[in-house]
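S.K.: Heads up: the protein sequence lines correspond to chains B and G, in order.
Quick note: the first sequence uses this note's numbering, first residue 1, plus one each step.
Quick note: the second sequence uses this note's numbering, first residue 1, plus one each step.
Hints are computed from structural coordinates only; laboratory data are not their basis.
Even for Gly, the Cβ is constructed at its ideal location relative to N, Cα and C.
Just so you know, not all the hints are guaranteed correct.
Claimed, not checked - To spell it out: a stretch of chain B is covered by chain G in this simulated footprint if at least three of its residues, at any positions, have a beta carbon under 8 Å from a beta carbon of chain G; those stretches are:
| id | region |
| --- | --- |
| 1 | 89-102 |
| 2 | 202-214 |
| 3 | 226-236 |
Said to hold, decoys possible - Estimated spans, in silico, between C-beta atoms of each pair:
| id | chain 1 | residue 1 | chain 2 | residue 2 | range |
| --- | --- | --- | --- | --- | --- |
| 4 | B | A94 | G | P252 | 45 to 55 Å |
| 5 | G | P288 | B | F161 | 29 to 39 Å |
| 6 | B | A40 | G | Q323 | 41 to 51 Å |
| 7 | G | I189 | B | G138 | 22 to 32 Å |
| 8 | G | P252 | B | L247 | 31 to 41 Å |
| 9 | B | S310 | G | G107 | 27 to 37 Å |
| 10 | G | R103 | B | T24 | 26 to 36 Å |
| 11 | B | H88 | G | E319 | 51 to 61 Å |
| 12 | G | K299 | B | L164 | 49 to 59 Å |
Stated by the list, open to error - One side only, chain B facing chain G, incomplete, derived with CB under 7 Å:
| id | residue |
| --- | --- |
| 13 | H33 |
| 14 | N39 |
| 15 | E42 |
| 16 | S264 |
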Amino acid sequence: MAEPSGRAFLTHEHVLAVLVIGETALFAALGSHFLSAGNAAEVARASVEIGLLALALTPVIVTGGIDLSVGSLLGLSAVVMGAAFRDHGVPIGAAALLAVAVGAAGGGLNAALIARLRLPPLIVTLGTFSLFRGLAEGLTGGIQNYSDFPERFLFLGQGRFGPLPAQVLVLAGAAVLVGLLLHRMAIGRSLRAIGYSPEGARYAGIPVGRRLLLVYLLSGVAAGLSAVIYVARLGQAKADAGTGFELTAITAVVLGGTSIFGGSGTVHGTLLGLLALALLQNGLRLSDQPAELAGILTGVLLLGAIGARSLLSERKRG
Amino acid sequence: MRRAGVGLLAVALAGIVSGCGGAPKDGLTVAMMPKNKGNPYFVSCRKGAEEAARELGVRVLWDGPTETDAAKQNEVVESWITRGVDVIAVSVENKEAISTVLRKARGRGIKVVTWDADAEEDARDFFVNQATPRGIAEALVGHTARLLGDKGEFAIITASLTAANQNDWIKHIKDVLAEKYPGLTLVEIRPSDDDRKRAFDETQTLLKVHPEVKVVMAIASPAVPGAAEAVKQSGRRDVKVTGLGLPKDAKPYLHDGVLDSVVLWNTMDLGYLTIHSAAALAKGALKPGATTLPAGRLKTVEVRGDNVLLGTPFTFTRENVDQFDF
Numbered sequence: 001m002a003e004p005s006g007r008a009f010l011t012h013e014h015v016l017a018v019l020v021i022g023e024t025a026l027f028a029a030l031g032s033h034f035l036s037a038g039n040a041a042e043v044a045r046a047s048v049e050i051g052l053l054a055l056a057l058t059p060v061i062v063t064g065g066i067d068l069s070v071g072s073l074l075g076l077s078a079v080v081m082g083a084a085f086r087d088h089g090v091p092i093g094a095a096a097l098l099a100v101a102v103g104a105a106g107g108g109l110n111a112a113l114i115a116r117l118r119l120p121p122l123i124v125t126l127g128t129f130s131l132f133r134g135l136a137e138g139l140t141g142g143i144q145n146y147s148d149f150p151e152r153f154l155f156l157g158q159g160r161f162g163p164l165p166a167q168v169l170v171l172a173g174a175a176v177l178v179g180l181l182l183h184r185m186a187i188g189r190s191l192r193a194i195g196y197s198p199e200g201a202r203y204a205g206i207p208v209g210r211r212l213l214l215v216y217l218l219s220g221v222a223a224g225l226s227a228v229i230y231v232a233r234l235g236q237a238k239a240d241a242g243t244g245f246e247l248t249a250i251t252a253v254v255l256g257g258t259s260i261f262g263g264s265g266t267v268h269g270t271l272l273g274l275l276a277l278a279l280l281q282n283g284l285r286l287s288d289q290p291a292e293l294a295g296i297l298t299g300v301l302l303l304g305a306i307g308a309r310s311l312l313s314e315r316k317r318g
Numbered sequence: 001m002r003r004a005g006v007g008l009l010a011v012a013l014a015g016i017v018s019g020c021g022g023a024p025k026d027g028l029t030v031a032m033m034p035k036n037k038g039n040p041y042f043v044s045c046r047k048g049a050e051e052a053a054r055e056l057g058v059r060v061l062w063d064g065p066t067e068t069d070a071a072k073q074n075e076v077v078e079s080w081i082t083r084g085v086d087v088i089a090v091s092v093e094n095k096e097a098i099s100t101v102l103r104k105a106r107g108r109g110i111k112v113v114t115w116d117a118d119a120e121e122d123a124r125d126f127f128v129n130q131a132t133p134r135g136i137a138e139a140l141v142g143h144t145a146r147l148l149g150d151k152g153e154f155a156i157i158t159a160s161l162t163a164a165n166q167n168d169w170i171k172h173i174k175d176v177l178a179e180k181y182p183g184l185t186l187v188e189i190r191p192s193d194d195d196r197k198r199a200f201d202e203t204q205t206l207l208k209v210h211p212e213v214k215v216v217m218a219i220a221s222p223a224v225p226g227a228a229e230a231v232k233q234s235g236r237r238d239v240k241v242t243g244l245g246l247p248k249d250a251k252p253y254l255h256d257g258v259l260d261s262v263v264l265w266n267t268m269d270l271g272y273l274t275i276h277s278a279a280a281l282a283k284g285a286l287k288p289g290a291t292t293l294p295a296g297r298l299k300t301v302e303v304r305g306d307n308v309l310l311g312t313p314f315t316f317t318r319e320n321v322d323q324f325d326f
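Here chain G stands alone, though its shape is the one from the complex:
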């Protein structure tokens, strides 16, 4: 009886495991990790990655934490090192935590790229950079100028006044204004502390204090729906919102018309470019000092230093937003 029990268990185990196993293929194996497997943002990155894998005949192992968890990321990378994959591609949850294992992987001759979020520089060969601050600034100011007809006042709702990313973008926004759009005036920068309600309140106040402001640029993801809601409730159809954020939050306001556009990057292209970069790195086609990389349907992308650039940001509008689910 007991032996039957043990035997049954072992057979069940073997059955389940072998039932799911695929025969290993030849060719390159790229192990790719998101910060969080369940997040729709990363799910759409994966779509692009698999598209590139089919094109190139590369085998992609896609694994990672089911919720953001730096410890899990390390464990998965460790197992990839043991398996001896050709390339490891990671969207890094925590720089400090992951860099040690990534260095170890490089020490074993495994190529390492980071994508979406970078590790320490000496822990990877290349970073697939989805958007430069300058690119983001140009896209945001471009939309503002289009809405204002190259002349007029606008205001920014930022994350917090000390947020590093946002301040970097604001610096570049000011540069772009000075270089290309002398007719546009940035009258005010207000914080939202990454809070939708705060963005709503700040936008309401802003519209009262500066009635001549015709564009509100919200550059933090929760600030976009907050600002849009405030403009919508004010009934001012002459004021439009643009900004940077996730399409899901923006969707109802894009359809309403109060929100003109949101800038981000195309997540499918990001996954697609990551696999192209990984494959090129493994085959020796992408080396230090490279300035360009041919990447399938993305044509030739720019390589600046050890960053592979995805290129200009992607703009979500009422026409295309329904294709995205994050």
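Isolated chain B (complex conformation):
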């Protein structure tokens, strides 16, 4: 059993890192071929779509908001892209850009309702959660399944650069960008301030509306980008693409230590949370455990990690 070293300054990220190491050790012992470069690449490949959503949700949740519509928006972007490519003869590159544009438009709608009309994000995105999925199903009659995408496009989801799955580069780029935004720029501080107290932030002269516009717009763009990678990985676009992804992404963010009440959260925490979930899924399969355990253990992990953090902060205060 790995013991976290040092008595002071134990952060949530440390707890998570220990958890990830623990999972790795456990599955290395139980699973077959768990510790292999090939498996590491597959874990990474399978995590990219949820990862992009989780990265974009981190600033959203840091402001005390939420975006439940990202999974549905992924589905909508995917089918628009599929329809444009197959039925309207749009070149694949342009169709992919269109998917990102649909994501941006969907995110823009959320942003306008939340930032301009000051409606609660939970209600707005619960509405667009249904709206976007409904549009995707309506567009395809629920039955269309777009496939036959060109090889060079599928490379983005199925190919490799050396040992690295192609789409991992997109995730890495997104992580750097969101990291800069949240941790290196003044905007990051203002997002945390909004999370602590929107009114206080307004009095402090922070353009709260504009900041919220930005984070929800980014969330939509991430959903669009995630749709492109999803389609490239599976070679199909269907209205049910990304069903339930929003909850997994939110789980990764919260597991990563971002407070659901806003005000705090880190990109590396989110990445660790993502990794902990992905290893759990993968490790259980490789060690021949029933897949249902993944759900149970995800719940245990989340509650355990949040409980540990709460104990941690009590201790700091005390």
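Please arrange chain G on chain B, whose structure you already have, making use of the hints.
M.R.: Chain G in isolation, oriented as in the chain B frame:
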């Protein structure tokens, strides 16, 4: 305190995981995937698969999406490739989506069979085919001829007039009629658009327009109860319904007597044959060019090209339908 928390969590994790782990056995491992783990259709396939596994001493890993989900199918296959199972057997939700990973599995020396629904041909070694269109046509026309005494008129309620599967069956039904049953006349083919209510309406109209029709053949799953309900409400006890569909929908009408029979395949046998095919493939007993395969209690089954054939379809009647739960 915090260390205790982390420790507790890790111990709990280890406890849950190891508590459920079985010691790996020797011998073949066949990883088998349904389209949907919860669907009773596939649950009954699994029964047959496990029966064959016990006979052959094969280890079956049964996993798949909890609802039809092509993305999940790919993830599970990926993990099977990493684990290095001997054979992967998949009921394919989406051809395009799964074929890439199945090709990858073959590239790593894993044998691949598809069952129930096929992938692209170069993505698998064999397809365990539950029913050929010709076999289905022969069974359906056979029941019709029995009901009519080899002479008389019948009509078909199909899915939609453009449905590929149904049109294929209709083509073979016409061939079988021409070859074997000159006394039977197909007077009308009506669409139901896979909708029970539409099948009901079409059947009502049909009975009025063609009073001499004595058999309605409903060849889409929702059309079977729709047609049966229409005949039942018409009070015409001289008209019978037969068709192709799921036994669950058909059950009340089979017991009522208005529905004579429904044709499908025996799902338990399908699972059973899949494991036999997978094991034979891994042991080298099933190779390209094979024309037969010994398959336990199913005796010797036919192999045509790269299709392992389950054989003649199975007929559900009021006598046997209660054994099936899908």
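S.K.: All hints, please: hold or fail.
M.R.: Hint check results:
1. 89-102: With 0 residues closer than 8 Å to chain G, the region 89-102 of chain B misses the three-residue bar; violated.
2. 202-214: violated (count 0)
3. 226-236: holds (count 5)
4. B:A94 - G:P252: 45 to 55 Å: holds (54 Å)
5. G:P288 - B:F161: 29 to 39 Å: holds (36 Å)
6. B:A40 - G:Q323: 41 to 51 Å: holds (47 Å)
7. G:I189 - B:G138: 22 to 32 Å: 31 Å Cβ-Cβ, so the 22 to 32 Å window holds.
8. G:P252 - B:L247: 31 to 41 Å: holds (39 Å)
9. B:S310 - G:G107: 27 to 37 Å: Violated - the Cβ-Cβ distance for S310 of chain B and G107 of chain G, about 48 Å, lies outside 27 to 37 Å.
10. G:R103 - B:T24: 26 to 36 Å: For R103 of chain G and T24 of chain B the Cβ distance comes to about 30 Å; the hint holds.
11. B:H88 - G:E319: 51 to 61 Å: Once the Cβ atoms are compared, 54 Å apart, the range 51 to 61 Å for E319 of chain G and H88 of chain B holds.
12. G:K299 - B:L164: 49 to 59 Å: With Cβ atoms ~51 Å apart, the hint holds.
13. H33: holds (5 Å)
14. N39: With Cβ-Cβ at 5 Å, under 7 Å, it holds.
15. E42: holds (5 Å)
16. S264: violated (18 Å)
Violation of the numbered hints given earlier is confined to hints 1, 2, 9 and 16; the remaining hints are satisfied by the structure.
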